[in-house]
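Protein chains in written order, with the numbering used here: chain A, 119 to 321; chain B, 72 to 402.
Errors might be hidden in some of the hints.
What the hints assert, rightly or not - DMTMM-like cross-link-like pairs, simulated, lysine to aspartate or glutamate; straight-line CA separation at most 20 angstroms:
1) A:263 to B:216
2) B:283 to B:138
3) B:208 to A:233
4) A:164 to A:233
5) B:305 to A:261
6) A:198 to A:187
7) B:128 to A:240
8) A:260 to B:216
9) B:312 to A:242
10) A:260 to B:138
11) A:310 to B:286
12) A:179 to A:229
13) A:177 to A:233
14) A:314 to A:302
15) A:271 to A:240
16) A:228 to B:287
17) B:312 to A:205
The set of hints was computed from the structure by calculation and includes no laboratory data. Please read these numbers as outputs of a predicted model, since none were measured by experiment.
Spelled out from the first residue to the last, the chains are:
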Amino acid sequence: MVLRSIKFALVLAWYFLATTAYAQEEAATARQVVEKFQAELIGVMKNGKQLGYSGRYEKLKDPVSNSHDLTKIARIVVGKEWEKLTEDQQQKLVEVFSRLSIASYAHNFKDYSGESFVFDSEEETARGGVVVHSHLVVPGEKDVKFDYMLKEKGPSWRIINIIANGVSDLALKRSEYTAILQREGFDALIAKINEKIDNYSKQ
Amino acid sequence: MLMNNPTNGYRYGKIKQILSGMLIGATVTLSGCASTGGVEQQVEANPVDPYEGFNRKMYAFNDGVDDYVAKPISDAYKFVTPQFVQTGVFNFFNNLKNINIVLNDVLQAKFQQSAQDSGRFMINTTVGLAGLFDVAKEVGLEQNEEDFEQTLAVWGVPQGSYLVLPFLGPSTARGIPGAIFDTAANPVTYVGAPVQLVSMLNSRANAEGALKFIDEAALDPYVFTRESFLQWRKSLAADGKVDASDDLLDIDEEAALEEGGNAASGQAAVAEKGAAGDTANPEGFTLKLSADNKEFEQVSNSFSSTAQSFDATAKSFEEASTKLDKLKAKK
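With these hints in hand, go ahead and build the complete structure from the sequences.
Shown next, in the form of structure tokens:
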């Protein structure tokens, strides 16, 4: 009888442990997503010189794709024009845009001189998003404010927008991309993005 | 030295310098894209940029001036001048700007900040040898960024249209009186031309990094400059407070379109044109309404916060006078 209840307690304990562990694994909070990504970024910066551009690109590929919702960003960035694109064009855009995002990280975070990210606060927006306020400390320079906007995607949170010192990346890209689509069309947009990726890889 | 942030960046910290860099006609060093003026049939006019055609021409002109005049001179300056001299020159002119910053702190009723900025100016002018060394920064007094255009914004003057001025670069209708006031409040204005020239050289040389970033990151440098300029100015006027819901509204609008599927997108377009009696897209409609509400809220918020700060000031004056009374009574 005693043995039985011990057994039962053990099973219960195991079950409890298993579910909490499972829950922890699944539900990374918005803050955790941002901080994990920032840590990975700083890690790459520290080895930036040895890695070289292509090394940094490879190292950042997964961290960027796993923390950002690149598909959603790509479609928001072209605004209403998205509906006018064919399915092939939509796929092409997402693919090229993802490469551009990783490439610009690899190009701009190339070395390390004591920078660190500091978490400031977290706030929920009215529409079920979360904004994570943080700043980058650069020794000898003014801090750079980084505000991340995240939305839930399935079980986890993904970055939708980054606002650096008050300038929204999403809004900036959106006006650029829609202007180019309207003035010059889809092929010109893709060509320009590819040209940027090329330039990033050369320097 | 790093820190151009990835997708956007640190450059915004430096974009202030772009602005001043543009005093000698500095704009982006990327040519080509800016001058495509031919295909404009189905382009929707941007409400903040009604004079886009003119602005693009001015932008291309400034770009040319920068390529052929400003950049070569600035490069030569950087080549012949040692780094510590460049830093000293930057600090000197930057320190003089504090006079204008303090004035605008007061005009915006930011009294504590004005005391801090006056302190900065005093320390750097004395211990920092007439401003050549930024001692205040070392002791943790960061420079605030204020100017008259922001003061006008705080007072509730609307921004007006985006304008690209010849030689001067990006501005807005509100930015023009702002710039006139700022120029008048800067001592550099009243000394000889050689000093002004050095000041301009210094600005252009310091904008180099930011200009390079635009060159690298912008698909359409004109739009990139316009958007980052306007957002940067907006953020400064709001003292860096991010309006979290602003962009997410946009995102949700997109999401609503998506959920509605392709069939609904036609209706969405109709709703957007403001066709009445269309109940097919209540979602889009409420979104619009809430967007309007948001704006009202913001406006009333900014009014109430201004009123509050005036209240606080009045209170502190009252307290001061009661203290004075007490002192008198003691005597």
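Evaluation of the provided hints:
A hinted pair counts as satisfied when its Cα atoms are at most 20 angstroms apart, and residue 263 (chain A) with residue 216 (chain B) qualifies at roughly 15 angstroms. A C-alpha spacing of about 13 angstroms is found between residue 283 (chain B) and residue 138 (chain B), which places the hinted pair at or below 20 angstroms, so the restraint holds. Note on residue 208 (chain B) and residue 233 (chain A): the hinted pairing holds, with a Cα-Cα distance of about 18 angstroms set against a maximum of 20 angstroms. This hinted pair checks out: residue 164 (chain A) and residue 233 (chain A) have alpha carbons roughly 10 angstroms apart, not beyond 20 angstroms.
In summary, the hint linking residue 305 (chain B) to residue 261 (chain A) is supported, as the alpha carbons are separated by about 19 angstroms, within the 20 angstroms threshold. Only pairs whose Cα atoms come within 20 angstroms are accepted, and residue 198 (chain A) paired with residue 187 (chain A) is accepted, the gap being roughly 19 angstroms. With a CA separation close to 43 angstroms, the supplied pair residue 128 (chain B) and residue 240 (chain A) exceeds the 20 angstroms bound. At roughly 12 angstroms between alpha-carbon atoms, residue 260 (chain A) and residue 216 (chain B) fall within 20 angstroms of each other, so this suggested pair holds.
Among the hinted pairs, residue 312 (chain B) with residue 242 (chain A) is consistent with the structure: their alpha-carbon atoms are about 15 angstroms apart, no more than 20 angstroms. A threshold of 20 angstroms between alpha carbons decides the hint, and for residue 260 (chain A) with residue 138 (chain B) the separation of about 29 angstroms lies outside it, so the pair is violated. With a C-alpha separation of about 13 angstroms, the suggested pair residue 310 (chain A) and residue 286 (chain B) falls inside the 20 angstroms cut-off, and the hint holds. Taking the CA atoms of residue 179 (chain A) and residue 229 (chain A), the gap is about 17 angstroms. The hint holds against a cut of 20 angstroms.
For the proposed pair residue 177 (chain A) and residue 233 (chain A), the alpha carbon gap of about 19 angstroms is at most 20 angstroms, so the pair holds. A C-alpha spacing of about 17 angstroms is found between residue 314 (chain A) and residue 302 (chain A), which places the hinted pair at or below 20 angstroms, so the restraint holds. About 18 angstroms separates the Cα atoms of residue 271 (chain A) and residue 240 (chain A), which keeps this hinted pair within 20 angstroms; it holds. For a cut-off of 20 angstroms, the pair hint linking residue 228 (chain A) to residue 287 (chain B) stands: about 15 angstroms separates their Cα positions.
A distance of roughly 39 angstroms separates the Cα atoms of residue 312 (chain B) and residue 205 (chain A); the hinted pair therefore is violated under the 20 angstroms criterion.
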